[in-house]
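Trainee: Okay, here's what each chain looks like letter by letter:
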Amino acid sequence: MAEQQTPIPEADVVWMEEPEMGFWESTFLPAIFGGLRNSLRHVTDFHPVTQQYPEEKPDLPLHYRGVHRLNRDDQGRVKCVACMMCSTACPARCIDIVAEEAPKDDPLWTDRDKRPKSFVIDELKCIYCGMCEEACPVDSIELTSIYDLTGFTRAEMKFDKEKLLDVYDKTKDNPRDPIRTHRGILGPASAFATLPTVGPATQVPQGDKSANSPTSGVIGH
Amino acid sequence: MPTVYVNDQPVELGAGEKLNCIQAAQKAGVEIPHYCWHPSLSVVASCRMCLVEVGDKKPDGTVAMVPKVVPGCQTPVKDGTVIVTNSPKVKAAQAGTLEYLLLNHPLDCPVCDQAGECGLQDFSFKYGRAYSRLAEPKNQKVDKPHIGEQITLFTDRCIMCTRCVRFTREISGTAELQVVSRGSGEEIDIFPGNPCNNKLAGNVVDLCPVGALCSKDFLYEQRVWWLKGKNSVCAGCSTGCSIRVDQNKDVVYRLKPRSNPLAQGEFMCDEGRFGWKYIHSEHRLKFPMQKLPGGMSAVSWPQILPAVKQALAEAAQRAPDKLGVVLSPFMTVEEAYLLSKYVKSLSSGAKLWMTPPRVVGEDDQYPKDLHGNATLNPKFTIRAEKAPNRAGVEAVLKHFGGEIAPLDTALAQVANGAIEAIYLVGGDPEGWITPDQTKPLAKAKLVVVQDLLDSPALPQATFVLPGTSWAERDGTFVNHAGLAQAIHRGLRSPGDAWPDGRIAYELAGRSGMFHAVTIRQEIAGVIPSLAALIVGDLGDEGVFLKSNDEPAGQSPAAANGAVPVAGGSRS
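Residue numbers (my numbering), protein chains in the order written: chain Z, 1 to 221; chain B, 1 to 571.
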C-alpha cells in the first residue's frame with residue numbers, strides 16, 4: 001500500500017474496527033420494531049406542537065429582529081440625523097441615505113443641522129442582523145417584531161423614509177415593540193459622569209475552548 | 001552634523017536646516033500633535049497641543065532640561081537639543097489641553113463633515129480621554145453660513161487655532177477673516193458685508209483641523225471614509241497643483257490639494273477646486289460614433305478602430321502630405337507621443353500642430369496687498385494659461401517636427417485643400433472650436449474628432465472617438481516650470497468612453513495594454529528633452545525635466561509659497 005501523506009502525524013491516528021454484528025442484529029428485526037414503536041408513539045400523542053399559522057400567531061422572543069422602522073422625536077420629526085453610521089455598519093449594504101441641510105428658515109428645524117432627504121432600506125437585501133440599530137447614535141433606526149413581509153415587486157420591498165416612519169406609527173403602541181431608549185440627543189457620552197461598565201454580552205460556559213482561546217476562532221490546547 | 005535627540009533617538013539635521021521641535025520629531029518618525037502650527041503659516045503657539053519637554057545636551061554628556069513644558073512649534077532645535085514627547089508630564093499636558101479644547105466643542109461628530117479626518121477626533125483618541133467631565137451646559141454659538149460663497153462656519157466647533165485667519169492675512173493677503181471678542185466669547189467672523197470670497201478661500205476648509213469651516217459644495221454629500229482618493233494634478237492651469245481626486249462609486253465629490261514643495265506648495269485655488277464639474281456633464285461623449293449613409297450612429301470600439309485605422313492609412317497613401325493632426329495642451333505627454341508617432345509612421349510628411357492653450361487675463365499672484373495688487377514675494381500663482389500640459393505636448397511636438405499654431409492655421413490648410421484628412425483632439429472643457437470654424441471641415445475627406453464633450457465639430461466628423469477627462473487617465477503633465485508630474489486614473493469613464501491614452505495605443509496597434517510608466521520610459525529614450533522621465537514612476541512630487549528650467553534666482557517652489565525641502569528630487 002502506498003504511503004499516504006496526511007497532515008496528521010502517524011502517531012495520532014487511531015484505527016478502529018467496526019463492531020461485529022450479533023445474530024439478532026443481523027436480522028434487523030429489533031431496529032424495525034424499534035422504528036415502528038417510535039411511529040406509534042407519535043401517532044398516539046394527542047399534544048401536537050404544530051402551530052396553526054396564520055390563524056395562530058407565533059410567540060416570538062422580545063429580541064426578534066424584523067422589519068425596520070424610523071423613529072420620530074417628540075415633535076414628530078424624523079429622529080434620524082443622516083449620519084450614515086447605519087449604512088456604514090450594514091454588512092449587506094442595503095441602506096441608502098441622501099442627506100440634506102435642515103431648512104434654516106423653518107422654526108421646526110432650527111436646532112438641527114442635517115437631516116435625511118431620502119432614506120431607503122432594501123428589505124430584500126437586508127439580513128436582519130441589527131447592526132444598524134447598534135450603530136445609530138440617536139436611536140432612530142430600530143427593528144420591529146414584524147416578520148410577515150410580502151410584496152409583489154422588488155421595488156415595493158425598498159422601504160423609503162415615509163414607509164419606515166409609517167412602520168413606526170403603526171408599531172409604537174405595540175407592547176412587543178417598545179421604543180427602546182429615550183435619549184434622542186446627540187453625544188450621549190457627554191451625559192455620563194462616569195462611564196458605565198459594560199457587562200459580557202453572553203454567558204460563556206465553563207470549558208468553552210473557543211471562547212477561552214487567546215485568538216478568536218482558534219481553539220487552543 | 002548637528003544632532004537632535006527625540007525620545008533618546010538621535011536625528012541628524014542637514015546643513016543650514018532650521019526646524020522646530022515638531023519638524024525634528026517628524027524626521028524621527030515621532031508625531032507631536034498640533035493644531036495651530038502649519039508649515040506654510042506663521043507660528044502663534046496658541047493651541048498648546050504641541051507641548052513637549054526640551055533640554056540641552058552639554059558637551060560633557062549631562063542634559064539640562066527646561067523645568068516647564070514648552071510649545072514645540074515655537075521652539076527651534078539646535079545641536080544637542082533633547083526633545084521628550086512621551087513623559088508623564090507631556091502626556092498630562094496633552095490630555096489637559098485636549099480636555100480644555102473639548103470643553104465647549106459639541107459632540108456632533110455624526111453630523112459633522114469632518115468626522116473621519118478630524119484632528120480633534122484623532123488626537124482625542126490618541127492623547128485624550130473618552131468622556132467629558134464638564135457638568136455645565138456647553139457654550140453654544142450661532143452658525144455663520146454667510147461667511148463666504150463657498151465656505152460655511154459652524155462656530156461652536158471652532159477651537160480658535162486661527163489658521164484660517166492667518167491664511168487670509170499671509171497667503172491670500174485679503175484678510176477677510178478675523179477673531180472677534182475675547183475669552184470664551186471668541187469667534188471667527190468677517191466684517192459685515194465683506195465675506196471671504198477670494199480665489200483661494202477654499203483652502204481655509206482644508207486648513208481647519210476640525211469641522212468648523214466646511215465647504216458648501218461638499219456639505220453633507222458624503223462621509224469621508226467612503227471616499228477613495230487618487231493622486232493627480234489639477235488641469236485648471238499651468239501651475240499644475242498636486243491634488244487628490246476623492247471619488248465614490250465613480251462620482252467625484254471633491255479635489256483636495258496635496259503638499260508638493262516642487263509644484264505649488266500646500267494650497268490650490270478655488271477655480272481648480274470647484275472646476276471639475278464638467279467631468280459629470282451631461283454633454284460627455286459616451287460612445288464612439290461614425291458617419292454612415294444614414295447619418296451619425298453609435299458603433300462599438302471593435303468596429304470603429306479598424307475603420308479609423310483604415311481610413312487614416314488610405315488617406316496617407318492617397319496624399320502623404322495632406323494628413324494633419326491637431327494636438328491639444330490637455331493631452332498627456334504619453335498620448336501626444338503615441339498619437340504623433342502613429343501618424344508619422346503612416347506618413348512622414350504628416351503635419352502636426354498644437355493649439356495654444358487658452359489664456360485668460362494675466363497670472364494672478366498672491367498674497368495681495370491692501371489695494372488688491374500683487375506683492376513682491378508671491379506665495380501662490382493662478383496662471384493665465386488654462387491648460388495643464390502645454391510644455392509637455394510642446395516637447396513631443398518639437399521632436400516630431402510639429403508647430404504651435406492656432407486652430408485656424410490648420411483649418412485654413414483644410415480650406416485651401418492642403419490638408420485632406422485631419423485628426424482633431426479637443427479636451428478644453430470651455431470649448432475649443434466655434435461653429436464658424438467648423439465650415440472648412442466640410443471640405444476635408446476625413447475628419448476624426450477625439451474629445452470628451454459635445455462640440456460644434458461633431459456634425460462634421462467622419463469618426464468621433466470619446467475620450468475622457470484628466471481624472472480618468474494615467475499619464476504625465478508638465479507644468480509651466482518644467483515639472484513632470486504623474487496623473488492617475490481615479491474613476492471609471494461614463495458609458496463606453498476610453499482614456500485617450502488607450503485610444504492612441506490601440507490605434508497604433510501596439511500589443512498589450514496602455515501602461516503609462518512603460519510609455520514614459522520609452523519616451524525618455526526617444527526624446528532627449530524628456531529624458532528625465534526615465535525614472536518611470538514619478539513619485540508623488542514629480543521630476544524636473546531640466547534643472548535650468550527654474551527661473552533664475554528663485555525656485556518655482558519658493559514662488560508658490562512653499563518652503564523648499566532640502567534634498568528634494570530635483571534632477
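Errors might be hidden in some of the hints.
What the hints assert, rightly or not - When the alpha-carbon atoms are kept at most 20 angstroms apart in a straight line, the in silico EDC-like pairs for lysine to aspartate or glutamate are as follows: (1) K125(Z) with D96(Z); (2) K141(B) with D106(Z); (3) K104(Z) with D79(B); (4) K57(B) with D79(B); (5) K216(B) with E149(B); (6) K228(B) with D96(Z); (7) K141(B) with D105(Z); (8) K141(B) with D74(Z); (9) K104(Z) with D143(B); (10) K249(B) with D111(Z); (11) K249(B) with E221(B); (12) K163(Z) with D74(Z); (13) K138(B) with E56(Z); (14) K141(B) with E117(B).
The set of hints was computed from the structure by calculation and includes no laboratory data.
Being a predicted model, the structure only gives us computed values, none of them experimental.
Trainee: Tell me the numbers of any earlier hints that the structure contravenes, in ascending order.
Mentor: 3, 8, 10, 13, 14
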